[in-house]
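Chemist: Sequence:
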Amino acid sequence: MTKPATFEQFWPDYLRAHCDRRSRALHLVGTAMGVLCFALFLIAFHPGWLIAAPVVAYGFAWAGHLLFEKNSPATFSHPLWSLRGDLRMVWLTLTGRIEREIARVGVALE
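Residue 47 in our numbering sits at position 47 of the sequence shown, with consecutive numbering throughout.
Hints are not guaranteed to be accurate.
Label-pair ranges, simulated between beta-carbon atoms [as the list claims (entries may be wrong)]:
1) 4 <-> 46: 33 to 43 Å
2) 95 <-> 22: 38 to 48 Å
3) 19 <-> 51: 28 to 38 Å
4) 9 <-> 44: 39 to 49 Å
5) 87 <-> 21: 25 to 35 Å
6) 99 <-> 46: 33 to 43 Å
Calculated from the structure, these hints are not laboratory results.
For every residue, glycine included, the Cβ atom is placed at its ideal position computed from N, Cα and C.
Generate coordinates for the entire structure from the input sequences, incorporating the hints supplied.
Modeler: As structure tokens, this is what we get:
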């Protein structure tokens, strides 16, 4: 397999690593809680919230990989594309378009 040169080449691989609906749900919860922690940091300007944001977000996401996907998070190989992929996946989930996107890129769901 060739290493992706662009995010658009990376995106189908990212979705393939997130076939399990339960894992995607944990990503959604983690991302939402991470955003909330970051918002609380901006409001309270307490560094604890800033530290909690990635810990909470990645904790939920990595649990999904460990428990359901049985694979390594893309964070380790492509950290920025992984973050972008997570935000895109969460947005598509919230807008009800994730299944259509998964079918569009040709990823088989488990």
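Chemist: Hint by hint, which ones does this structure get wrong, listed from lowest number up?
Modeler: Of the numbered hints, 2, 5 do not hold.
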